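Novice: This is what each chain is made of:
2 protein chains.
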Amino acid sequence: MNNKFNINALGRKVPTDVNGNNAIPYMGIGKHKPTGRKYAPPIVSSSDYPSDGNKTIESLKAALIKSGIADGMTISTHHHFRNGDLVANQIFDIASELGIKNLTWVPSASFECHVPLIKYLEDGTIHHIEGSMNGSLGRFTSEGKMEGMGILRSHGGRYQAIQDGEVHIDIAVIAAPTADAFGNATGDRGPAACGLLGFALADSQYADKVIVVTDNLVPFPCYPWQIHGNLVDYVVLVDKVGLPEKIVSGTTEITKSPDRLLLAEMTAQFCNEAGIIKDGFSFQAGAGGTALSIGIYFAEILKKNGWKARFARGGSNKYLVNMLEGGLTDYILDGQTFDLEGVRSMRENSNHLNTSPFTSYNYHGKGNFSTMVDVVILGATEVDVNFNANVVTHSDGVLLHGIGGWQNCLFSKCTILPIPLFRDRISVIKDEVTTICGPGELIDVIVTERGIAINPLRKDLLEKLKGSSLPIKTIDELKAEGDAICGPAEKPRFTNKAVAVVKWVDGTIIDTIWQLEN
Amino acid sequence: MNNKFNINALGRKVPTDVNGNNAIPYMGIGKHKPTGRKYAPPIVSSSDYPSDGNKTIESLKAALIKSGIADGMTISTHHHFRNGDLVANQIFDIASELGIKNLTWVPSASFECHVPLIKYLEDGTIHHIEGSMNGSLGRFTSEGKMEGMGILRSHGGRYQAIQDGEVHIDIAVIAAPTADAFGNATGDRGPAACGLLGFALADSQYADKVIVVTDNLVPFPCYPWQIHGNLVDYVVLVDKVGLPEKIVSGTTEITKSPDRLLLAEMTAQFCNEAGIIKDGFSFQAGAGGTALSIGIYFAEILKKNGWKARFARGGSNKYLVNMLEGGLTDYILDGQTFDLEGVRSMRENSNHLNTSPFTSYNYHGKGNFSTMVDVVILGATEVDVNFNANVVTHSDGVLLHGIGGWQNCLFSKCTILPIPLFRDRISVIKDEVTTICGPGELIDVIVTERGIAINPLRKDLLEKLKGSSLPIKTIDELKAEGDAICGPAEKPRFTNKAVAVVKWVDGTIIDTIWQLEN
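These protein sequence lines are chains A and B, in that order.
For the first sequence, the working numbering begins at 1 and goes up steadily by one.
For the second sequence, the working numbering begins at 1001 and goes up steadily by one.
Note that these hints are calculated values from the structure, not bench results.
Fair warning: this is a prediction, and the values are worked out from it, not measured in the lab.
Quick reminder that beta carbons are idealized off the backbone N, C-alpha and C, glycines included.
Heads up, some of the hints might be wrong.
No farther apart than 25 angstroms at their CA atoms in a straight line, the calculated lysine to aspartate or glutamate pairs in the DMTMM-like style are these [unchecked claim]:
{"no.": "1", "chain 1": "A", "residue 1": "Lys464", "chain 2": "A", "residue 2": "Glu449"}
{"no.": "2", "chain 1": "A", "residue 1": "Lys33", "chain 2": "B", "residue 2": "Asp1052"}
{"no.": "3", "chain 1": "B", "residue 1": "Lys1033", "chain 2": "A", "residue 2": "Asp170"}
{"no.": "4", "chain 1": "B", "residue 1": "Lys1413", "chain 2": "A", "residue 2": "Asp170"}
{"no.": "5", "chain 1": "A", "residue 1": "Lys31", "chain 2": "B", "residue 2": "Asp1208"}
{"no.": "6", "chain 1": "A", "residue 1": "Lys464", "chain 2": "B", "residue 2": "Asp1052"}
{"no.": "7", "chain 1": "A", "residue 1": "Lys308", "chain 2": "B", "residue 2": "Asp1052"}
{"no.": "8", "chain 1": "B", "residue 1": "Lys1061", "chain 2": "B", "residue 2": "Glu1143"}
{"no.": "9", "chain 1": "B", "residue 1": "Lys1308", "chain 2": "A", "residue 2": "Asp208"}
{"no.": "10", "chain 1": "B", "residue 1": "Lys1004", "chain 2": "B", "residue 2": "Asp1476"}
{"no.": "11", "chain 1": "B", "residue 1": "Lys1497", "chain 2": "B", "residue 2": "Glu1432"}
{"no.": "12", "chain 1": "A", "residue 1": "Lys464", "chain 2": "A", "residue 2": "Asp483"}
{"no.": "13", "chain 1": "B", "residue 1": "Lys1459", "chain 2": "A", "residue 2": "Asp170"}
{"no.": "14", "chain 1": "A", "residue 1": "Lys31", "chain 2": "B", "residue 2": "Glu1517"}
{"no.": "15", "chain 1": "B", "residue 1": "Lys1031", "chain 2": "A", "residue 2": "Glu477"}
{"no.": "16", "chain 1": "B", "residue 1": "Lys1031", "chain 2": "A", "residue 2": "Glu122"}
{"no.": "17", "chain 1": "A", "residue 1": "Lys33", "chain 2": "B", "residue 2": "Asp1476"}
{"no.": "18", "chain 1": "B", "residue 1": "Lys1278", "chain 2": "A", "residue 2": "Glu449"}
{"no.": "19", "chain 1": "A", "residue 1": "Lys459", "chain 2": "B", "residue 2": "Asp1330"}
{"no.": "20", "chain 1": "B", "residue 1": "Lys1413", "chain 2": "B", "residue 2": "Glu1517"}
{"no.": "21", "chain 1": "B", "residue 1": "Lys1413", "chain 2": "A", "residue 2": "Asp52"}
{"no.": "22", "chain 1": "B", "residue 1": "Lys1145", "chain 2": "B", "residue 2": "Asp1164"}
{"no.": "23", "chain 1": "B", "residue 1": "Lys1464", "chain 2": "A", "residue 2": "Asp52"}
{"no.": "24", "chain 1": "B", "residue 1": "Lys1033", "chain 2": "A", "residue 2": "Asp208"}
Pairwise CB distance ranges, derived in the manner of DEER restraints [as the list claims (entries may be wrong)]:
{"no.": "25", "chain 1": "B", "residue 1": "Ser1059", "chain 2": "A", "residue 2": "Ser350", "range": "31 to 37 angstroms"}
{"no.": "26", "chain 1": "B", "residue 1": "Pro1042", "chain 2": "A", "residue 2": "Ser469", "range": "50 to 56 angstroms"}
{"no.": "27", "chain 1": "B", "residue 1": "Asn1006", "chain 2": "A", "residue 2": "His168", "range": "32 to 38 angstroms"}
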């Protein structure tokens, strides 16, 4: 690949051209002001749709053909079924059977269950993936085997890109646990219930053709209509739309590891001493064992003080549901359910709210919810001495994770990364991270088992933690401790070929993923 | 006004130019195929909005100024407060105070409470109204006193026009019974609760600037977020956003008139004999006394047979709520609450669904709900021998009513107009109606106290009603009876000046409102 590069505002080398499109280098937070207008889908007439509201069609293949599937098109899917998705692979099996080439796949995330698609990346059915590439697909990309350049976006960035027309989706395929023949669809019920379908919202609003695939067709009206049938072209009934046992995956139990429990306890104590936890506060913690444990500590602190959170942001799980049902939070604002209790609560409890990347994260909206959260707890694979953090590649340079809502959550009032100081004998604190996913100025606190580093920009937090019993250190001190224990880490070796880019929430390019040297 | 005219597919003379815009004559049902793309609002950046989510501003005036109010702009409001609206007049008081001229007002409907705006129509503050002009504003228009040409649209047509960019709204002002500082807003609670805010949905999605005005500010999140704060620029807190006692207006009691009860009974019997009422059926009846009474008959028939409707379309009221709570319908699909029981039910009952012109009526969607309703009961001021009907002008030629959802509802599987054969000694059945609002081919049945006329296009209904005890007649027979009783009616006398146009659901012009001769 013959590309030119720019140096962006973080000093990272980023391509000027991504898959034939001009790419804007990251300019700093809030510096890139978008111009132009949102993507405008073609106007349609309801006279071209069945008057009885029945849009069912015999098969996904028929729906894709009717939708005009052709070489070079962009096809999107969502990842609410996570590793239990049964639909995405079928799309490309059909495309391959039809001899269609050069498709762009825009999943909201991909998982190990999508490894069968590697053959279509190899044979030219799929040109490239825009969306997170977890595990094997990430490694495939890192090895330079994908024809086009991968594009990684946050959940909010994906909404922004589709809304703004940076990605034009020709055909969206929305797997739905329940739907009616008109195309109204919901994720909160049905044999493959996954909670909500918010990751597919932008697809439904902006794709030219929208196909709903379900294994649970109910009489009109299917309600809630998380996806509006008024945006849907075809409905396909299949035997099984997802594997329920794999839909609810990820870590859904609090950690039992003493190291992680220590991190959780230190983080909760930090929040308490900083005055973040109070009546009416709000928080977001992810689905990992450490994050779950922090939630438990938060709940205990609220309870002890007779306080109640105003809202907890999900990924929801049984612990958040316990808080909601136990009166420790007014609302769960949920973007993704991580276990069956989350699904049940969303279905039954009107204070368990269905949010989407549009409401929660879209940077090109008139504000979004992310900035109103008092504290978020996130992970990272690496952090550098300027608090820049990496969440997509490991220190060996391999792309292994998507961004998820991580970048979007950085806009909270306080962002804390509780991370072990070293993993596999490699210190996580670097002079420079392999891939910058989030600029350090948005990352407020790093909590490690050997000390807590507060971003010098947060003078208020430094002030509040003065005299704390917690081990407050500088990031340089933490780095020195990590280096002393682990020794100097080998840097990953890359070729000069860009295999993927990491977009910032505003559509600019914050960093590049490079091909691994053999 | 120097205008040219076309003759449309119904033979009506319609202007080629409406307020400087090219106008497409009505071409027949489903004949006009739209081209082009939906309106694309400018892309914004959340970095230009307050990060604490607080968009409150001290006054409506400040919000309008910040929104850039200027000569020639288009400003929209909704009519969920009906005759209790306190906000629309204030907007134009402010505009007048600022010396702004030539505004276009796009209400979803106007009422007698808006009569104070006549002075602004007279002094050039407001150039013209696009939206229903009930009562005095209609008469003002009919008298040729409005500077520009009025444009009447159905609820669905208004959504379509905004979506398609036929109307570009510069500033939408959304009065909301409850909202948070971020702009999330709901109609189902608060001192001025009106149920829902669906008529303002298009405005929130497509206007350049969106102002929410509320008298009940709650901590984030305001839920349900019938209006998404992510689309809102400013939030204004006022003392009183609407007069609750006038919000719930219209006829909300079943009729006691023996004539109307007869119409109701005949209509229900007709539906029963035609096999329309059955387990799982659906219906929509308006808020008038006759329509309410028909709903009562429907409920009785369901109960007697042990049946349950799948859904009842609202305008909701206590009678529909009784059906829902009594297990006689699975759902209310509500577009507008007509009484406090409707508001309560919408707030409390998750099977009382919040619909909008987008879901229910938009003709330029991938279908809409209106075509799936088994039977709708509507009114009309006049009907002609081709079943064309009028709902906006009276036989004296005066514009007195808006279209509401009337045109959209015609797409149901069976449309019935129960109307008295004569009113004020004038027969309602004409050779030609004063204004065609709906083409006869969509109107299936006319029920009068002296007989029922089935549209000859509905051979199935004619077949089913063979041998009925109901007085089935031809429309010509009904007309002859009316004429015999009332004698020939005087035709209204008009000048050749078009004062308003009636749009069809697809944006074409179905008829013209003419200036009354002095």
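Novice: Indicate, hint by hint, whether the structure satisfies it.
Specialist: Hints, verified against the model:
Restraint check for Lys464 of chain A and Glu449 of chain A: the C-alpha separation of about 20 angstroms stays at or below 25 angstroms, so the hint holds. Taking the CA atoms of Lys33 of chain A and Asp1052 of chain B, the gap is near 20 angstroms; set against the 25 angstroms cutoff, the hint holds. In summary, the hint linking Lys1033 of chain B to Asp170 of chain A is supported, as the alpha carbons are separated by about 21 angstroms, within the 25 angstroms threshold. Restraint check: the Cα-Cα separation between Lys1413 of chain B and Asp170 of chain A comes to about 33 angstroms, which exceeds 25 angstroms; the hinted pair is violated.
A C-alpha spacing of about 22 angstroms is found between Lys31 of chain A and Asp1208 of chain B, which places the hinted pair at or below 25 angstroms, so the restraint holds. Pair hint Lys464 of chain A plus Asp1052 of chain B holds up; C-alpha atoms about 21 angstroms apart against a cutoff of 25 angstroms. Of the pairs offered as hints, the one joining Lys308 of chain A and Asp1052 of chain B holds, with about 20 angstroms between alpha carbons and a cut-off of 25 angstroms not exceeded. Between Lys1061 of chain B and Glu1143 of chain B, the direct Cα distance comes to roughly 32 angstroms. Violation of the 25 angstroms bound is thereby established for this hinted pair.
With a C-alpha separation of about 37 angstroms, the suggested pair Lys1308 of chain B and Asp208 of chain A falls outside the 25 angstroms cut-off, and the hint is violated. A threshold of 25 angstroms between alpha carbons decides the hint, and for Lys1004 of chain B with Asp1476 of chain B the separation of about 34 angstroms lies outside it, so the pair is violated. The hinted pair formed by Lys1497 of chain B and Glu1432 of chain B meets the criterion: a straight-line CA distance of about 20 angstroms does not exceed 25 angstroms. Annotation: proposed proximity of Lys464 of chain A to Asp483 of chain A is violated, straight-line Cα distance about 29 angstroms (limit 25 angstroms).
Distance restraint check for Lys1459 of chain B and Asp170 of chain A: the Cα-Cα separation of roughly 42 angstroms exceeds the 25 angstroms cut-off, and the hinted pair is therefore not satisfied. For the given pair, Lys31 of chain A sits about 61 angstroms from Glu1517 of chain B by alpha-carbon distance, which is inconsistent with the 25 angstroms threshold. The suggested pairing of Lys1031 of chain B with Glu477 of chain A is violated, with an alpha-carbon distance near 74 angstroms, which exceeds 25 angstroms. Taking the CA atoms of Lys1031 of chain B and Glu122 of chain A, the gap is about 47 angstroms. The hint is violated against a cut of 25 angstroms.
For the hint linking Lys33 of chain A to Asp1476 of chain B, the alpha-carbon distance of about 66 angstroms lies beyond 25 angstroms, and the restraint is violated. In summary, the hint linking Lys1278 of chain B to Glu449 of chain A is not supported, as the alpha carbons are separated by about 68 angstroms, beyond the 25 angstroms threshold. Simply put, Lys459 of chain A and Asp1330 of chain B have alpha-carbon atoms about 57 angstroms apart, too far for the 25 angstroms limit, and the pair is violated. A hinted pair counts as satisfied when its Cα atoms are at most 25 angstroms apart, and Lys1413 of chain B with Glu1517 of chain B does not qualify at roughly 40 angstroms.
With a C-alpha separation of about 9 angstroms, the suggested pair Lys1413 of chain B and Asp52 of chain A falls inside the 25 angstroms cut-off, and the hint holds. As the CA atoms of Lys1145 of chain B and Asp1164 of chain B are separated by approximately 29 angstroms, the hinted pair breaks the 25 angstroms bound. A threshold of 25 angstroms between alpha carbons decides the hint, and for Lys1464 of chain B with Asp52 of chain A the separation of about 21 angstroms falls inside it, so the pair holds. For the proposed pair Lys1033 of chain B and Asp208 of chain A, the alpha carbon gap of about 17 angstroms is at most 25 angstroms, so the pair holds.
The hinted range of 31 to 37 angstroms is satisfied by Ser1059 of chain B and Ser350 of chain A, whose Cβ atoms lie roughly 34 angstroms apart. Pro1042 of chain B and Ser469 of chain A have their C-beta atoms about 52 angstroms apart, which keeps the hinted 50 to 56 angstroms range intact. For the pair Asn1006 of chain B and His168 of chain A, the supplied restraint of 32 to 38 angstroms holds, since their beta-carbon distance comes to about 37 angstroms.
In summary, the structure is inconsistent with hints 4, 8, 9, 10, 12, 13, 14, 15, 16, 17, 18, 19, 20, 22 from the numbered list given earlier, while agreeing with the others.
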